[in-house]
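All chains should be modelled from the sequences, with the hints used to inform the complete structure.
Numbering (my numbering), first residue to last: 343 to 675.
To be clear, the hints were calculated from the coordinates, so they are not data collected in a lab. Check the hints yourself; a few may be wrong.
[Said to hold, decoys possible] Distance condition first, Cα-Cα at most 25 Å in a straight line; then the derived SDA-like pairs of lysine to any residue:
1) LYS651 <-> PRO480
2) LYS527 <-> ASP412
3) LYS461 <-> LYS484
4) LYS394 <-> GLU553
5) LYS545 <-> ASP520
6) LYS364 <-> ARG584
7) LYS548 <-> ALA387
8) LYS558 <-> LEU502
9) LYS364 <-> TYR376
10) LYS484 <-> HIS373
11) LYS484 <-> TYR614
12) LYS545 <-> LYS558
13) LYS461 <-> TYR636
14) LYS417 <-> THR368
15) LYS548 <-> TYR524
16) LYS386 <-> GLU553
17) LYS352 <-> THR400
18) LYS558 <-> VAL478
19) LYS545 <-> LEU605
20) LYS394 <-> LEU507
21) LYS394 <-> SER517
22) LYS659 <-> GLY501
23) LYS548 <-> ILE448
24) LYS461 <-> VAL622
25) LYS572 <-> ARG584
26) LYS457 <-> GLU641
27) LYS618 <-> LEU605
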Amino acid sequence: MGLCNQDAIKQLQSMLENVDEKQKITFENMHQGYPTETLARFLKARDWNVAKAHKMITDCLQWRVENEIDNVLSKPIPLDVYKAVRDSQLIGMSGYSKEGLPVIAIGVGLSTFDKASDKYYVQSHIQMNEYRDRVVLPTASKKQGHYIGTCVKVLDMTGLKISALNQLRLLTAISTIDDLNYPEKTDTYYIVNAPYVFSACWKVVKPLLQERTRKKVQVLQGCGKEELLKVMDYESLPHFCRKEGSGSSKHRVAGDTENCFSLDSSFHQQLYNFIKQQAVLMQSRSPIRQGSFYVNLPEPDPDDAKIAKTIESEFHKLEIQNGSMNGVAVNGH
Numbered sequence: 343m344g345l346c347n348q349d350a351i352k353q354l355q356s357m358l359e360n361v362d363e364k365q366k367i368t369f370e371n372m373h374q375g376y377p378t379e380t381l382a383r384f385l386k387a388r389d390w391n392v393a394k395a396h397k398m399i400t401d402c403l404q405w406r407v408e409n410e411i412d413n414v415l416s417k418p419i420p421l422d423v424y425k426a427v428r429d430s431q432l433i434g435m436s437g438y439s440k441e442g443l444p445v446i447a448i449g450v451g452l453s454t455f456d457k458a459s460d461k462y463y464v465q466s467h468i469q470m471n472e473y474r475d476r477v478v479l480p481t482a483s484k485k486q487g488h489y490i491g492t493c494v495k496v497l498d499m500t501g502l503k504i505s506a507l508n509q510l511r512l513l514t515a516i517s518t519i520d521d522l523n524y525p526e527k528t529d530t531y532y533i534v535n536a537p538y539v540f541s542a543c544w545k546v547v548k549p550l551l552q553e554r555t556r557k558k559v560q561v562l563q564g565c566g567k568e569e570l571l572k573v574m575d576y577e578s579l580p581h582f583c584r585k586e587g588s589g590s591s592k593h594r595v596a597g598d599t600e601n602c603f604s605l606d607s608s609f610h611q612q613l614y615n616f617i618k619q620q621a622v623l624m625q626s627r628s629p630i631r632q633g634s635f636y637v638n639l640p641e642p643d644p645d646d647a648k649i650a651k652t653i654e655s656e657f658h659k660l661e662i663q664n665g666s667m668n669g670v671a672v673n674g675h
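See below:
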C-alpha cells in the first residue's frame with residue numbers, strides 16, 4: 343500500500359473518532375478486528391477521496407444503526423418462507439479458492455424472486471452478507487494466517503430471459519445496498535453459461551461500469567470449468583460448473599455433487615442454524631426486542647439507475663428483434 347494511501351487511511355481513521363457510541367459499536371461489528379482494511383475498502387470505493395469515503399462510511403454506520411443490522415443474524419425468517427426464498431433466490435457457497443477466498447455461487451438466470459415478498463429477499467441477502475463478514479471471512483483469515491476480506495463470485499446465466507426485467511427494481515435495490523454498505527467485498531466475478539441475451543446486453547453495459555468493476559468481471563466460455571480450475575480445486579466448483587454443457591437448475595446436480603443453492607446444502611444449514619441459535623441468545627437477553635426485520639429499499643445511485651435503464655432498453659430491443667412482444671413491465675414503472 344502506497345504512502346498516499348496510508349495517509350488517507352490515517353485521515354479517515356481520525357475523522358471517525360467523532361462518531362457516536364452506537365456507530366462505534368457497529369463499526370466494530372463491521373471490521374471484526376481489521377479496522378484499517380475496512381477503511382481501505384471504503385476509500386477504494388471512492389477512489390481514495392477521503393471526504394467522499396468519510397461520507398460513505400458514516401452514512402453506512404447510520405444505516406446500520408437505524409436498521410439494527412447488528413441484530414439481523416438473530417432474526418430468522420420463518421422456515422416455510424425461507425424455503426421459498428432459497429428456491430427462488432439461487433445463491434450459496436461452494437467452497438474456497440486456492441488462495442482461501444470463499445466461492446459464492448449465484449444462479450442469476452434461474453432466480454425468479456417470485457415466491458416471497460421483497461423484504462424477505464432483502465433480509466436474506468443482508469443476513470448472508472453479515473454471516474460472510476462476521477463468520478466466514480474471519481474463519482478464513484484464521485485458517486490462512488492472514489487477512490481474507492473478499493470472496494470470488496461465480497454467476498450462472500443459464501436460463502436468463504427477457505422476463506428478468508420484472509425483478510430489475512429489486513435486484514437494483516439489493517445491488518445498491520451492497521455498493522453503499524458492503525463495498526469492495528468481491529475480488530472477481532466469473533460469468534458462466536452466458537446465453538445470447540446476456541452477451542448482447544453486456545456489450546452495451548460494460549462501458550458504463552467503473553474501470554475497477556470492469557477489471558473484476560471475467561466472462562468464461564461455457565460452464566467455465568477449465569478456467570475456474572486454475573483458481574479453485576474441483577471440490578469447490580459450483581455444481582453448475584462441474585460438466586461442460588450441464589447447465590444449472592434448481593435441482594439438477596452433477597453426480598452426487600451438493601447443490602449449493604439448496605436449503606439442504608451444508609452452507610445454508612449452517613447459516614440457518616446459526617441464526618436460530620443467535621435468536622435464542624437474543625431472546626434470553628432482551629425478549630421485547632424480538633420481531634420482524636425490515637429495511638427500506640434505497641434509491642439507486644444515478645450511475646446505477648442509468649445502467650438499469652440501459653439494461654431495460656437493451657432487453658426490450660432484443661424482445662422486438664425476437665418478435666416476442668410480451669409487454670414486459672418493470673416493477674415500479
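Hint check results:
no.: 1; hint: LYS651 <-> PRO480; result: 37 Å, violated
no.: 2; hint: LYS527 <-> ASP412; result: 18 Å, holds
no.: 3; hint: LYS461 <-> LYS484; result: 34 Å, violated
no.: 4; hint: LYS394 <-> GLU553; result: 18 Å, holds
no.: 5; hint: LYS545 <-> ASP520; result: 24 Å, holds
no.: 6; hint: LYS364 <-> ARG584; result: 46 Å, violated
no.: 7; hint: LYS548 <-> ALA387; result: 18 Å, holds
no.: 8; hint: LYS558 <-> LEU502; result: 21 Å, holds
no.: 9; hint: LYS364 <-> TYR376; result: 18 Å, holds
no.: 10; hint: LYS484 <-> HIS373; result: 15 Å, holds
no.: 11; hint: LYS484 <-> TYR614; result: 23 Å, holds
no.: 12; hint: LYS545 <-> LYS558; result: 16 Å, holds
no.: 13; hint: LYS461 <-> TYR636; result: 6 Å, holds
no.: 14; hint: LYS417 <-> THR368; result: 17 Å, holds
no.: 15; hint: LYS548 <-> TYR524; result: 22 Å, holds
no.: 16; hint: LYS386 <-> GLU553; result: 12 Å, holds
no.: 17; hint: LYS352 <-> THR400; result: 16 Å, holds
no.: 18; hint: LYS558 <-> VAL478; result: 21 Å, holds
no.: 19; hint: LYS545 <-> LEU605; result: 35 Å, violated
no.: 20; hint: LYS394 <-> LEU507; result: 32 Å, violated
no.: 21; hint: LYS394 <-> SER517; result: 20 Å, holds
no.: 22; hint: LYS659 <-> GLY501; result: 19 Å, holds
no.: 23; hint: LYS548 <-> ILE448; result: 20 Å, holds
no.: 24; hint: LYS461 <-> VAL622; result: 22 Å, holds
no.: 25; hint: LYS572 <-> ARG584; result: 14 Å, holds
no.: 26; hint: LYS457 <-> GLU641; result: 24 Å, holds
no.: 27; hint: LYS618 <-> LEU605; result: 14 Å, holds
When the structure is compared with the earlier hints, violations turn up for hints 1, 3, 6, 19 and 20 and for no others.
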